[in-house]
Structures are given as structure tokens and as C-alpha cells.
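First to last, the protein sequences are chains A and B.
Counted from 1, the first sequence has number 345 at position 334 by our numbering; the numbering is strictly sequential.
Counted from 1, the second sequence has number 357 at position 327 by our numbering; the numbering is strictly sequential.
Treat the hints loosely; a few may be bogus.
Below are the PhoX-like pairs computed for lysine-lysine, each with C-alpha atoms no more than 25 Å apart in a straight line [stated by the list, open to error]:
| hint | chain 1 | residue 1 | chain 2 | residue 2 |
| --- | --- | --- | --- | --- |
| 1 | A | Lys192 | B | Lys71 |
| 2 | A | Lys344 | A | Lys362 |
| 3 | A | Lys260 | B | Lys81 |
| 4 | B | Lys53 | B | Lys42 |
| 5 | A | Lys192 | B | Lys315 |
| 6 | B | Lys53 | B | Lys71 |
| 7 | A | Lys263 | A | Lys311 |
| 8 | B | Lys42 | A | Lys192 |
| 9 | A | Lys260 | B | Lys382 |
Residues of chain A clear of chain B, computed beta-carbon distances all greater than 12 Å [to be verified]:
| hint | residue |
| --- | --- |
| 10 | Asp172 |
| 11 | Lys192 |
| 12 | His231 |
| 13 | Lys362 |
| 14 | Glu363 |
| 15 | Glu367 |
| 16 | Ile373 |
Far from chain A, by Cβ distances over 10 Å, these chain B residues were calculated [what the hints assert, rightly or not]:
| hint | residue |
| --- | --- |
| 17 | Ser160 |
| 18 | Ala195 |
| 19 | Ile260 |
| 20 | Ser266 |
| 21 | Asp292 |
| 22 | Asn300 |
| 23 | Glu357 |
| 24 | Asp417 |
| 25 | Glu435 |
Quick caveat, the hints were computed from the structure, so don't treat them as lab data.
Note that the coordinates shown come from a computational prediction; the quantities given were computed from them, not determined experimentally.
From the three backbone atoms N, C-alpha and C, an ideal C-beta is built for every residue, glycine too.
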Amino acid sequence: MLILNNLYYCLKFDNLNFLKKGKMTEERITDQGTKDYREFLHPVMLKNYGKWKYHEILKPGVLLHVAESGDKMYTVRIGSPRLLSTESIRYFLSLADKYCDSYIRWTTRNNVEFLLDKEDKVEPLIQELNDAGWPVGGTGRTASNIVHTQGWVHCHTSATDASGLVKSVMDDLFEYFVEEKLPGKLKMAVACCLNMCGAVLASDISILGIHRRIPRIDYHLLGQICEIPTTIAACPTGAIRQDVVDGKKALKIVEDQCMYGGACYTACPNMPIADPLNDGVSIWVGGKVSNARSKPTFTKLVVPYLPNNPPRWPEVTEAVRTIVEVYIKYAKKWERLGEMIERIGWARFFKETGFEFTKYHIDDYKLATKSYNNSAHIRF
Amino acid sequence: MSKSPMLDELEKGPWPSFVSEIKKAGKISATARDTIGQVEKSYREKVTHWKHGGVVGVRGYGAGVIGRYSDSPEEFPGVAHFHTVRVNQVSGLVYTSECLTEILDIWDKRGSGMTNLHGSTGDMVLLGTSSEQLEPIFTDIAEKGWDLGGSGSDLRTPSCCIGPARCEFAMIDTLEITRNLTNYYQDELHRPAFPYKFKIKTSGCPNDCVASIARSDLSIIGTWKDDIRIDETEISNYAASGNIDILREIVMMCPTQCMDWDGEKLTIDNSNCVRCMHCINKMPKALRVGVETGATILLGAKAPIVEGAMLSSVIVPFMELNASEEEDDDEKFANLKELIEALWEVWDEDGKNKERIGEFMERMGKGEFTIAVNELCDEVDVAPKVDMIAYPRDNPYIFYDEYYEEVEDE
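One chain only, chain B, in its complex shape (with noise of 0.2 Å):
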């Protein structure tokens, strides 16, 4: 009889198992065995069996490896350690099956065959290793040019989309910028040193493919300042196609009533337009985003502990994120760069322990904090702005610093 008879049940239906994937890493790792006998476990008694991690990692670095150990190391030795190794993805998420071949070679000889591909965050997630391998694992990957990802309070590991390699939507070099900051701010993602973590997402336009508005600290997304860009003939193609109503699907789902349709002709009133991408996701042939791009920045998303859920919230409206081939890494976006700096030292100096830069800014102030930031900005303008907010406050509640006193014989 089997030992998994609850995990073998998720072994049937038509969308891909894990458990499969568990057990074909079973054929060669006496973890993945166990891992296997641990989670039936876990399953039978409804409860996990995995401790709380200690601290592990590799020399010179205080993070990319996550300590675990097992409650019950007697019963199941093979996963008595089951630390993960957070290794750092590509941007974008492009491989070619020669370099991720060294991934798996090294994984196959040194870990458990079982992987996140990828993790939350964006790094690809090796899966259960012990404590002696951790070095060994690390030598391996730096030798075939690869580095190890974020954890704890540091700068996690940047993600971003697929951007311009493969969209037309992209109005920012997502890649360029992800691959730019992760490497200009190594040591920031390798050595834990700020109040809590701190996470950067990209992406390429409202869409927002990468969830950056919900789970980056800073969300960085491509947008356009001029008109959208029609073409006319494409237009009557997709209202001769009978696929799309254009009154109904298009024009009447305009959050901002911005657009008109005669029957013939399609005219955008683009002071109005919000830049939300319906029509333009709809009509990808006829309509395409403006020429003048740059990015919109948000600040402070965050899952629910300590103080509740965050999305991110405008911090610059619009900024210019171009970069020359002629430009060094490290001059490459200089305002982006000096804009972290400055968010960084802010939160750095006053920011609590394991307090995300989102509710440091909540309880500091949005107002402060800007005013704060913008300060130590040369290039970018941060001061308090009307598209920061979704409406003025509405208590009258007011700090005011300034007042007048009455001068007497005046």
C-alpha cells in the first residue's frame, strides 16, 4: 500500500501535479523522498511540520538562502534541513536551455531536484538543501556567472515583465532597468540593512503584468504623457470585423467618457484620458500608446502584516526613464537612482524595525515624508502633488506650522 495515499490523490485530474513533480525528484533525491512522507504527514494531521528557520547562509552574505528544518528530522532524515536557495532570475524571465542547465546540474548534484520556478518575488527557488551544501552550492553558481537573489531586511531581488523584448505596450526598458539596479545595488540586496524589506517591480504599462502596485515597495510603471496614437484605417477594420462593438466594448467601458464614436471615426478627448489601457488592450492594431514615455512611481505596497495591506500610491507622476547605450551602468537612470537614495535615507533614519516604507510613510505623513525626500532630490521633484492623492483629506485635522501672531501698533 502506498505511503502517500493523499498526495497520490492529488496525483489525478488534468491540471499538472506537484506531487508528480515531487515524486519524478524522488527518483534520484532521498530529500524529495521524504518530502514527500513529511507533507502526507502534513495532510493526514492538518498542521505543518516545517520548524522556524534559523539563520543560515553563505560566506559574505547576510541573505539569499531561507533556513528550514523539519519538526520531525527522526522520521523523515532527508529533509531534517530544507534550506531554499533564492538564486537571481534573469529579466524578463528568458533563458536558453544551456544556462539553465547549469542550474539544474548543479541542483541535481547538490540539492533536491525540486524547484519554485520561480518564487514570488522572481527568483528562481531551489528547493531544500542541507546546511553543508550552502557553500559548496554557491561556488558552483558564481563559477558558471549567476548570484544569489534577496531575503530579509534588504533590497529584494528587482523583477519586472516581458517589456519591449516582447510587447508593444512597453513604454519603459523594463529589463534594462531591472537588470541595472540589481547590479548597481548589489550590496543592498546582499547585506541586510534596512528597517525591514524592500521590494522594486517594474512594468512596462498600466497593465501592470508584474503586480508591482500590490506587492512592490516600489512600483515603477511605464506611461505616456502625449496623445494616443490611432490608426484610422485599422479602426474601421476591427468595425467591419464584427468581433468588437466599439460603442459598447470600447467607448461605453471608458472610465473617463473621454472617447466618442460616430460609426465611423473614433476621437479621443486625451486631456481626459487616464491612461488605463482598456481601449488600447482592446484595439492593440488601431490604437497604441504615445511616443512621449516615461514612468509613473508609486511607493509603499504591502501584504497585511503589521499594519494592514498597502497598494502603492504616486509618489512621482511622471518621470523620464531613458538610457543611452553611451551611458555607463552606473550613470544609467541618475534620477531613478537618486529618487531610491533619497527614499532609502529617509526610512533609514527613522523607520522601526520590520516597518515597511508604506506604513513609515503613513505615519510619518505623505505630506512629511515627501517634503523629507525631496529635500535630499536634486533632479526629482517630490514635493506634495494633487496626483499623490485620490481625493484632499477630508478632517480638518490640520498640523499647521505656520500662524500669525498680533504684533501690537500694527
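Just chain A, with the same shape it has in the complex (with noise of 0.2 Å):
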């Protein structure tokens, strides 16, 4: 496996120049890994390494961390659209030497935090953050940042935008961002396909773009760019299948076992899936990934399909509002709302949002039987 794979991806190269030039040169720096961490830390940070004591939320996107050696440090955070030209990043840089003796730091969900050791000095950076259009927000009881994936501005899989969709839906919600008007925490994620790069399916709100339609086979070119074994197990339904096509081996796909994956897209590059007039968006609900109470878990389908509707996903949009409206009115504090929907039920849930429920909501994968009703268990 090891060679194989070794000998696969020195062939892959489409440039073989390293194959002539021989052997690595001495002097060329390799392997150096990742940069030492206690070189970026602010003082505080790495005197009180381990040492801390307790946090408090000052107000939404400012934190007090206090250490068991009485030192604080404060934490101004903004939400930032993930995509950053080198011009912003510069901007924020130019705060850090103002604000922060230089120090920063990005968060797993986009946000950039400003790390500050004197407190008259937060009012003063947020008072500039918000003067240029950055929203300080995103800690305890708000719609945190938004993690999603490339979409259309760089992935060749993509079902839909993902930077537009998080913009729309966050301009909708951004009260919800620069306010703490939640019941508890509320994470949301986009992902433009099944790929799901970032594991959208484990937040209270997931937006992910779907195929419906087959894979598209390009016979011309399939037998010299594909390896037709690799794409007939990238399937997970076994719906591809061999074929001979003009006397050449080819693919053919058993439609009714097409559940528009993609994998096949992502091992054969000539079995393109994206199609405009089928694609859009799905919005699942109730996963979260920390253990605080209930376990973590994956979120559920609440609504089956929405259309593509670019710029700015109206149906999308309205969808999301409607289930952190339900959210807000049914929530206890601190609930999440996954455990909200646990507590009341997802008659209730269906009933309040107003969604459709459908067959598609009731799942016909492995293992489904797990999530049939077997009881008696019904609210009237």
C-alpha cells in the first residue's frame, strides 16, 4: 500500500522536473514544520501559561481571563468573512500594534481576537473596529461566526456559494452576532456539498449544498483520465457499474441507487454532477460537538431542498430566521437547540417552524431503523 501509494503520487505530478534535477540540493530547507508557539504568545499569555484561573464575558465579544497570579488579559473578538484580503489582515496587524503590543490571534470559527493586557484600552479598539465595519461579537449566548466551506469562489464540487450564503444569512442575523439574545449558544456552519469539509454536520444550524441530479459521463475522455476500479468504489451505494461503451471500457450509473454524492465526481474527473437547474441547499438542525450536557451529535433534516436563488438565498434566509425564531421561544437558557428539540419533541419543532415533513425525512441509509419511533411515545 505504502510503495503504491509512493509510486502514485510521484507519477501524479503534472510538472516531473524534481525526477531530472536528481537529488534535493543541500542547501533547500525542508521539514521544518510548525513555528514555536511561545514566540507568538503575549507576555501575559506565556507567564500565566496553565495558570488560569477563571473567565467572565464583560459583554458579547469581550472576554476577561483572569490568572491564579491576579494578571488579566482581555480578549476583543470580530467576526471576520473567513475569505481576508492581505490589505484587511494588514489592518488588523496595524490594531495588534496599537492596541495589543502586536499580538493576535484567529479563532477555529474565523473570528479574529485582539489580545489586550490593559483594560482602557478595549473601548478604544472596539470604538475603531466598529468604526470600519468590524462587528465585535460572537461569545456566550449569540450566533457564533459562521464556518464554511469554498463554494463557488474556488471549488470545482460545489453545489452552491458558501460565502454568499453565510453573508446572507448573517447580515439577516447579525443582532444575533453583536447581541447576546439567545437562549444558549447557536453554531452554524455552510458546506457547498456532501464533501463537507469542515464537519458541518455537527452544529445547531447546518446549511449544506446538494446535487439531485446524475453525474453526467463523458465518454470520450473517461478511459484516459479515469481508473475505472478507484471511481466504481468511490460509490457508497455501489451504484456504478462497468460498461463498454464503442467497444472501450466505460461506467454506467443504476439511477435509482444515485443519492448524488459526488464521490464518483471526486475520483473521475470526467463524471461532472453539478447542475443548475437541480442543485441548492438542504438545512439540517440540532448537532452540536461539545459534551456540555447532552452528547455530541449530528444535526437532523429539517428542510429537503431550496433553490439556488443567488445573491442572496432568500428561502434560505427566511428558513434559518423561522428555526432561531422557534429557538428563541421554546428554548430554556442554556439549552441548545438540538436539546430543545429533544426536550419538546420534533412534532413540535415541525409544527412550529412550519416545514414540511416529508419521506425524505425519514431516513432510508444504513442503519436506519435506529432512528424509527419504537414506541408509543406521541405528543397530541
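Both chains are given apart, each in its own frame, so use the hints to dock them into the complex.
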């Protein structure tokens, strides 16, 4: 396996010059790894490393961490669109120089955090950020920044755009990012296809791009570019079969078995699956990764299909707002969306949101029976 | 009239706009300007215009660069090549303006001026450059002490939460674990040789801020074995503050009902605490995690393709992860490294192409899998344990290894 793989990646290079040049020159620096984080920690963080005592959320987007030594670290968090120009990053760095002794960090949800050791610098920094249009928030019981994938900005398998959906939804839910008005944390994610770069399925609300038509096969180029057995093996439902077209080895798709996952397209570029007419967006709710109270869990389907309607995707933003409003109305303090639904029941959730329940909501993949209601527990 | 009316619409509204960011980069980069053109075309036609990536890279590396090409290069020559460079982030995503400026200067000179900070796995993602620039970019970043991250069927760039650098919940040194593993496994990270990708994420506590349980093949989550530390004075202060209802918001929300509050004193049955963090999250001044700390190790999370999405599941309920200053980098976290290498060996031996370790474990059976891994371990105990499952099997299709045969005269 190992040798084959090595050979495979060597041959995959479209530029084989490195083979001709022989061994790597001695001065070439490789495999340095990651830089040492200790060089980039704020001195207060370095001094109190592992000796923090407690934290408080002073207001949305502003954290105070207090160390056992009594030292204090203030954090000001802003939302970013993740896609950042070097110009904007340089602007953040100029603020870090001005207020934070040049220390800055990012979060795993694409927020930027400014780290300050003096309280009197916090408000001027927030003022400057707000004046420049960067929203401070996303801590505690807020809607946090949406983690997302590449979409039409950079990806070849996308069924929708991720950045545009994020922008549209966050514009609509902006008040919930900058003010603490929700029952608990609300974490959202967008993935533009089932590959789901970024574990979209474990958020409170997941927005997922979907394909709905079988891939088109370009028979002309198939055998030249794609490895037939690998492509067949790529399909989770075994929908791809061997075929012969014009005396050449080819593939065919059993339409009834295709669930439009796109794994075959990842294995074989000559099976494009994107379809402007049928691609769109599905919405899922109730996932979480935190272990607090309930166990980590995946989201469940609530809206099987909404059309791609750029630039603002109004059907999607409306559906998300509906979910958020039901969450605000029925959740107990600190309860996550999935925990609330567990308590009030899915029937009530569908009734209150008004989403239609269809056959698509009933699982029919592996172990689907685990999701059936094997009880007489029904709320009338 | 604007050439991008649909994208221009996305410059309105209060949330920061990715379109404005691309346009800012477009002031100096033709690539960014043509990105606007091509994305606008996608918005108009409701379909992507990126082609399946060819594999491009830098000398001696099989990873770190993602090839991408436009399907309309005549129309948008600036994005004919639109490769992505993954630069290994600093653990905890901490930077100084000086060190990030190094990257920005290189990217303004040799790339599009557009970035993703950060990609889903954790790397700094430099978005959009041409094949000819890849070697010079690598040389430039290497000179400044930076390196590429993972891609393809390799160890992907490990990542972690802010951990002990700024969080009282951190029970393991997430930053050091991540730095150490990244640098120890450079070959596995840069030269793909696995059946498929392998992600490692480390969270300091069960709040799991880096989503390791959903996003990584190997999830390392800080936890504790002893009792929750209680500061009774601070409990009284929380009760008196009126900001929190200890009975309703703490005791009644405890998933195992292991707490009691009589209006003055909070008691905890620690033997029934599942380390969920809820009470500690809500009253961080009064309740603190214990002092006998380590990690719960879980295995197998992945996105849906191919066999369906999976969350990680427990493989080692508790592992001590202390590193002393005297140890060399190679010696640190020896037990964790033993486990990782045993996992890789079993998976590499029988894993199919593009089969994630979680899928492989499911196919092999978690019982058989853990026994196979355990046989390769000296220090770490990976033998089947009840903490590995939510409940024992509920079907009788058991593959018995052992059985009796009737022997005459006995």
C-alpha cells in the first residue's frame, strides 16, 4: 500500500522536473514544521501559561481571563468572512501594533481576537473596529460566526456558494452576533456539497449544498483520465457499474441507486455532477460537538431542498430565521437547539416551524431503523 | 455599469463582505479581479466554474498545494491557474504582526492577495496562484521559517484550541501536543502514504472548541479523573448575585443528576459525573476541573463520503499526557505516539484506498480492531473496554472464536 501510494503521488505530478534534477540540493530547507507558538504568545499568556483561574464575558465579544497570579487578559473578538485580503489583515495587524503589543490570534470559527493586557485600551479598540465595519461579538449566548467551505469562490464540486450564503444569513442574523439575545450558543455551518469540508453536520444549524441529478459521463475522455475500478469503488451505494461503449471500457450509473453524493466526481473528473437547474440547499438542525449536558450529535434534516437563488438566497435566510425564532421562543436558558427539540419533540418542532414533513425526512440509508420511533411515545 | 451586479449586492449589509475583500485584493492583483468575474458568472449561471484540480506541488513534497484551474481561462486569464498553498499555522492560531507580515509580503508578491484565515483543518490558506510561482513561494516561506501543511492521503496539519495559553479549562497542553506531533511527523505530513487522509485535533477540555470529535480521525480531548474543585465562597457569591439560578440552571441541567443544592451548599457525587463541563462552564469562578488530568482519546470522525458521517468514539478512556521540560521533543508524549503509530500500522496494512480509519474500524469491527492495535502497543492499553461503547451489542450475530468439542470418555 505504502509503496504503491508513494509511486502514485510521484507519477501524479504534472511537473516531473524534480526527478530530472536528481537529489535535492543540500541548501534546500524542508520539513521545518510549525513555528514554536511560544514566540507568538502575549507575555501575559506566556507568564500565566496553564495557570488561568477563571473567565468572564464582559459583554458580547469581550472576554476577561484572570490568572491565579491575578494577571488579566482581555480579548476583543470580531467576526470575519474568513476570505480576507492581505490589506484587511494588515489593517488588523496595525491595530494589534497599536493596542495589543502586536499580538493577535484567530479562532477556529474564523473570528479574529485582539489580546490586550490593559482594560483602558478595550473601548477605544472596539470603537475603532466598529467604525471600520468589523463587528464585535460572537461570545456566550450569541450566534457565532458561520464556519464554511469554499463554494463557487474556489471549489470544483460545490452545489452552491458558501461565502454568499454566509453573508446573507449573517446579515439577517447580525443582531444575534453583536447582542446576547439567544437562549444558548447557536453555532452554524455551511458546506457546499456532501464532502463537507469542516464537519458541518455537527452544528446547531447546518446549511448543506446538494446535487440532485446523476453525474453526466463523458465517455470520450473517461478511459484516458479515470481509473475505472477506483471510480466504481468510490460510490457508497454501489451505483456505478462497468460498461462497454464503442468497444472501450466505460462506466454506467444505476440511476435508482444514486444519491448524488459526488464521490465519483472526486475520483473521476469526467463525471461532472453540478447542475444549475437542480442543485440547491438543504437545512439540518440540532447538532453539537460540545459535551456539555448532552452528548455530541449530528444534525437532522428539516428542509430537504431549497433552490439556489443568488445573490441573497432569500428562501434559505427565511428558513434559518424561522428556526432561530422557534429556538428563542421555546428553549430554556442555556439549552442548545438540539436539546430543545429533544425535549419538546420533533413533531412540535415541525409544527412550530411550519416545515413540511416528507418521505425524505425518514432515513433509508444504513441502520435507518435506529431512527424509527419504536414506542408509543407520541405527543397529541 | 458594474460587471458584477450580483456580487456588488453582497457588499451591502452589516456583516463583513467577502466580495469587498476580493475587491481589495483586486487593487493589486489581476487574479483577484478575475475571481470577481468568474464568481459573478457562477452567480449568474448557478454553477461552479472551477475544474477538477490537477496535482501540482513543490519539489520533494507530495502535499501542501491544491491544484485548481478555471474552466473559462480565455474569459478570465487571471484565474487560469488558481492553486491554493496551505501554510502550516502556529498552534493555537497565535501570531504577531511581524510574523504574519512575512506571509503577507510573500503573498502580495507571488499570489493573489486573497487568503482564507484559516482553512477548516487549520492551515493558513493562500488562495490563488499559478504553477510557476509555487517553487518561489515555497523557497520564500521556508527562508522565513514557515512550512507547508498537509493535503491528500497524508497526515493533515494537526490543530488545537487555545488551551493553557488562555483558558482555565485546559487539562492538557494542547499547543505543545500539536507542535510536537506536527514536527515529529513531518514526513507523514508532507509525503502522502496512507490509505486516505488522517486528521488530529486536540481540545483542552470536553467543550471541544476545535470540534475534534466531529472533524478529526484522532480526537484528543482533555479530561480529569479526580473531583471537581469547589470554592464555596464563590458559590455563595453566584447565588447572591441573582444572575444564576443554581437549582434550575446548574443542578437540574446536570445530565446525570449528580449534584444537589440545598440553598446554601452545593454537593457533587463525583463518581457519577461524566465530565460534561456544564456546571463548570456556568460558574467558572466557583467550580474548577480536577487536578488529576489527562486526555480521552477518540477515533474515527469523518464527513459523509463514503460510508456516512461518523463522530469519533472512545478508544482510550484516559491517557496521561504530561511532558517534562527535560525531555527531548522526540521523547515527549511517547504513549500517544505509540498509539498513533499502532493505529497507522493496522490501518495501513488492510485499509482500502480512500477508506478513512473510522470506516476501516467499522468494517473490521471495533473489537477486532482494538485487539489488533493493542497487540502493537506496550504502554497504551487499547484492549476492549466498556467505555468504548454507548451500550453493548443488541443483536445476537456474534462471531465466536472459541468453542468446545465433545470428547469421548470425559
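Problem - Pair hint outcome, Lys344 (chain A) versus Lys362 (chain A) [Cα-Cα no greater than 25 Å] - result: Holds. Lys344 (chain A) to Lys362 (chain A) sits at ~22 Å (cutoff 25 Å).
Practice task
With a cut-off of 25 Å on the C-alpha distance, tell me whether Lys260 (chain A) and Lys81 (chain B) pass.
Solution key: Holds, at about 24 Å.
Problem - Pair hint Lys260 (chain A) and Lys382 (chain B), alpha-carbon separation not exceeding 25 Å - result: Status holds; Cα separation ~23 Å.
Problem - Minimum Cβ-Cβ distance from Glu357 (chain B) to chain A exceeds 10 Å - result: holds (16 Å)
Practice task
Decide, holds or violated, for the assertion that all CB atoms of chain B are farther than 12 Å from the CB of Asp172 (chain A).
Solution key: The claim is violated: Asp172 (chain A) sits with its nearest Cβ about 7 Å from chain B, within 12 Å.
Exercise for the section: Check the non-interface label on Ser266 (chain B): least C-beta distance to chain A beyond 10 Å or not. Expected result: Since the minimum Cβ distance to chain A is about 15 Å, Ser266 (chain B) lies beyond 10 Å and the statement holds.
Handout entry: Distance rule for Lys192 (chain A), whose beta carbon must clear each one in chain B by more than 12 Å
Key = holds (15 Å)
Handout entry: Asn300 (chain B) and chain A, when compared Cβ to Cβ, separated by more than 10 Å
Key = holds (16 Å)
Practice task
Quickly compare the C-alpha distance for Lys263 (chain A) and Lys311 (chain A) to 25 Å and report which way the hint goes.
Solution key: violated (32 Å)
Problem - Cβ separation check - Asp292 (chain B) to all of chain A, threshold 10 Å - result: holds (22 Å)
Problem - Outside-interface status for Ser160 (chain B) - nearest CB in chain A farther than 10 Å - result: The claim holds: Ser160 (chain B) sits with its nearest Cβ about 12 Å from chain A, beyond 10 Å.
Exercise for the section: With a cut-off of 25 Å on the C-alpha distance, tell me whether Lys53 (chain B) and Lys42 (chain B) pass. Expected result: holds (14 Å)
In this structure, the hints that do not hold are numbers 1, 7, 10 and 18, in rising order.
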